[in-house]
Amino acid sequence: MGTVIFGLRNVLRNKPRLALVAVLIGIPFFLFFAMQAIGNAVSRQTAVLTRDVNTLLQLRARGSMGHVNMVGQDRILPEDVLDKVRGIGNIVDVEPYLLAMAPITPPNFVMHVGLAPTAVKRLESHGEAGNPRIVAGRDFTPEDTGKNVAIIGQGYAQWAGIKPEDMGTATLTVDATRTHPVIFAMDRPKRDLKIIGTYASGYVFGDLQLFLPIDTFRAIYGIDRGISWVFVRVDSVENVAIVAERLRATVGDVADILVPRSAAVFTATTSRTVLQLVGAAGLVAITLMAIVVFFVLVMQVRERTREIGTLKAIGAANGRIVAQFFTEAVSLSLLGGAVGLAIFLIVGDAAVSRLFALGVGPFLPSQYRPLFESLAIDTQLSAHLLALALLVAVVTAVTGGAYGVWQAIRLSPVEAMKHE
Amino acid sequence: MNSATPLIELRNLAKTYRKGAETVEALSGIDLTIEAPAMIAVVGPSGSGKSTLLHMIGAMDRPTRGDVVVAGQDLNRLSQSELTRFRRTTVGFVFQTFNLVPNLTALENVALPMEFNGVTGAVRLQRAHTLLERFGLANRLKHYPQELSGGEMQRVAIARAIANEPPVVLADEPTGNLDSQSGRMVYELLREIARDRTVLVVTHAEELAQVADRTLHIRDGRLLEASPVTTTSR
Ligand SMILES: Nc1ncnc2c1ncn2[C@@H]1O[C@H](COP(=O)(O)OP(=O)(O)OP(=O)(O)O)[C@@H](O)[C@H]1O
Ligand SMILES: [Mg+2]
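Protein chains in written order, with the working numbering: chain G, 1 to 420; chain D, 1001 to 1234.
Simulated from the structure, these hints should not be mistaken for lab results. Among these hints, one or two may not hold up.
Estimated spans, in silico, between C-beta atoms of each pair [unchecked claim]:
#: 1; chain 1: G; residue 1: LYS15; chain 2: D; residue 2: SER1081; range: 54 to 60 angstroms
#: 2; chain 1: D; residue 1: SER1081; chain 2: G; residue 2: THR273; range: 28 to 34 angstroms
#: 3; chain 1: D; residue 1: LYS1142; chain 2: G; residue 2: HIS419; range: 26 to 32 angstroms
#: 4; chain 1: D; residue 1: ARG1134; chain 2: G; residue 2: VAL395; range: 44 to 50 angstroms
Every beta carbon over 10 angstroms from chain D, so not counted as near; a handful from chain G, in silico [said to hold, decoys possible]:
#: 5; residue: ARG191
#: 6; residue: GLY252
#: 7; residue: ALA280
#: 8; residue: ALA313
#: 9; residue: ASN318
#: 10; residue: PRO413
#: 11; residue: MET417
The beta carbon of each residue, even a glycine, is placed where N, CA and C say it ideally should be.
Given the sequences, and given the hints that come with them, work out the whole structure.
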């Protein structure tokens, strides 16, 4: 019988115990995988955030809010700004917005926002962080271009008496002649818009908006040319400053350029903090794994010193004993790894999210908190990570086994057999 | 075996154990020569050094002083690997507690020393089979130690001890954990294998001392000068 088979049979000798050892080794494996998964998720999330938030610049007419009917703030950007902006490099998206105000119960008002149906819907009051999502009805499609349709914020809908089940049938009349202390009348005919969807944003003021196709907006308010705001998305955070510079040079005479205040700081601190935190936790997990594997193997060998003594007494060479115990060490650690991986794959998503919320979340800077509520964990593991974990496990198992075996084989057969 | 060279020769053999400040002289100056195959009983009170003597002869431990020469090999001059080879080819050890490898079958336990000795798979299994058959264990080949009775385990252990045909077998109280009937069976086997080799048996049992070719009396680590030699009808 080969040394390897002998070793494997020894591993399988005591099944409950084998299960215990496998779980013992498996748990740090799982923690390691979990930390990696969190790290990946955070990296992905950071990539999204840095693209959507930190790389977004806003252009408005100089010194104006750019609301087409707001007293003293109605100057808008000339139409040719769009082409000029598009001519600048390192820009991935240029999204023109038109905005008007509409009075509701005094002294309140709402915002009417015209944009391309496919453009990202941003909130006037939370320009950068807004995240409207459709809660009833449907979103725009490219076919909605120029149609008399709109998507309404749930606060606005409530005021207008439009219920979620009315989507597609409810109408809202836009009347540009109505005034308000800061809104002046525009001499335009009324128009009925069909409400196709309701959104929620999580902000009270954010929910007081109406999104409509930009062509429809132009027709309602009679704005043939010009833009209220232009959102410009830069291809990467590093290029934000350069693009801002070029924008100032190109359209700076007519436009205020709003650069995200803390783009660099944001990534430099927060994301890095999280990744460092997760990296440290991963390191702790892999160290823990190494320690567990090492001591499990040392104990495993130590309690079989008597058997080693017997093997020596009947003429086993030290090399033979070492090879046998190495086989056991390697298969135990691989088995532990498999168990850890299995736990990870089976309970992965839920357990890792929980782990993140409990173990990493509390250490996050407060502005990063929303991150873990929306963190999309997946149980994908890269092959090289798996290989790294297994390598560490096997190396420490062999080291632990070697240490234990060395302690045993340097004894004489009698000493080993009398060992407690 | 060349009868001119003694099979076992001990010269001024001593073994001292040190436990903290205390030293125990387990063997103090043993001289012994065993010339030819025989069954030899080793008797003496508890703690007199019987086990230690067997361990020294079987290279299970290093003597503190003196020489052990077995089958022409001076143990003091052997390297680690030569001692390993000595243990698997020159001596076979039988323990009071059987010491079978727990997760090997009876057959595999007997085959194990042959594997260490480089005997190929089929040959060693065949030989192990034959031995166990001879010891009345033909229907226990696939049994694991925990599925065997004490007497059966000890018979497997004796088969294992002679698997590589060593000229010397050392048995330390082989019947110590057995009932008298199983014990008798073990002695019969030892008697049988002693026909063509030297078997040293540590025993408390009077019967064995009587059937042995020779009895060594040990007291306080010394062989008694007036060791009575029992002649047998053999
Ligand atoms: N590892 C050891 N460390 C210290 N003293 C030891 C050790 N092994 C044996 N001794 C001592 O050496 C002496 C001889 O021991 P040994 O085991 O050879 O006796 P024995 O004749 O086999 O006794 P028993 O019949 O009880 O088995 C005893 O006094 C014992 O206490
Ligand atoms: Mg003893």
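These are the hints, each one checked on the structure:
1. LYS15(G) - SER1081(D): 54 to 60 angstroms: 36 angstroms, violated
2. SER1081(D) - THR273(G): 28 to 34 angstroms: Violated - the Cβ-Cβ distance for SER1081(D) and THR273(G), about 58 angstroms, lies outside 28 to 34 angstroms.
3. LYS1142(D) - HIS419(G): 26 to 32 angstroms: 30 angstroms, holds
4. ARG1134(D) - VAL395(G): 44 to 50 angstroms: 48 angstroms, holds
5. ARG191: ARG191(G) clear of chain D: closest Cβ-Cβ about 87 angstroms, beyond 10 angstroms.
6. GLY252: Fine: 83 angstroms to the nearest Cβ keeps GLY252(G) off the interface.
7. ALA280: At about 42 angstroms from chain D, ALA280(G) clears the 10 angstroms cut-off, so the statement holds.
8. ALA313: Nearest chain D Cβ is 5 angstroms from ALA313(G), so the label is violated.
9. ASN318: 7 angstroms, violated
10. PRO413: Incorrect as stated: the minimum Cβ-Cβ distance to chain D is 4 angstroms, not above 10 angstroms.
11. MET417: For MET417(G), whose nearest Cβ neighbour in chain D is about 7 angstroms away, the distance does not exceed 10 angstroms, so it is violated.
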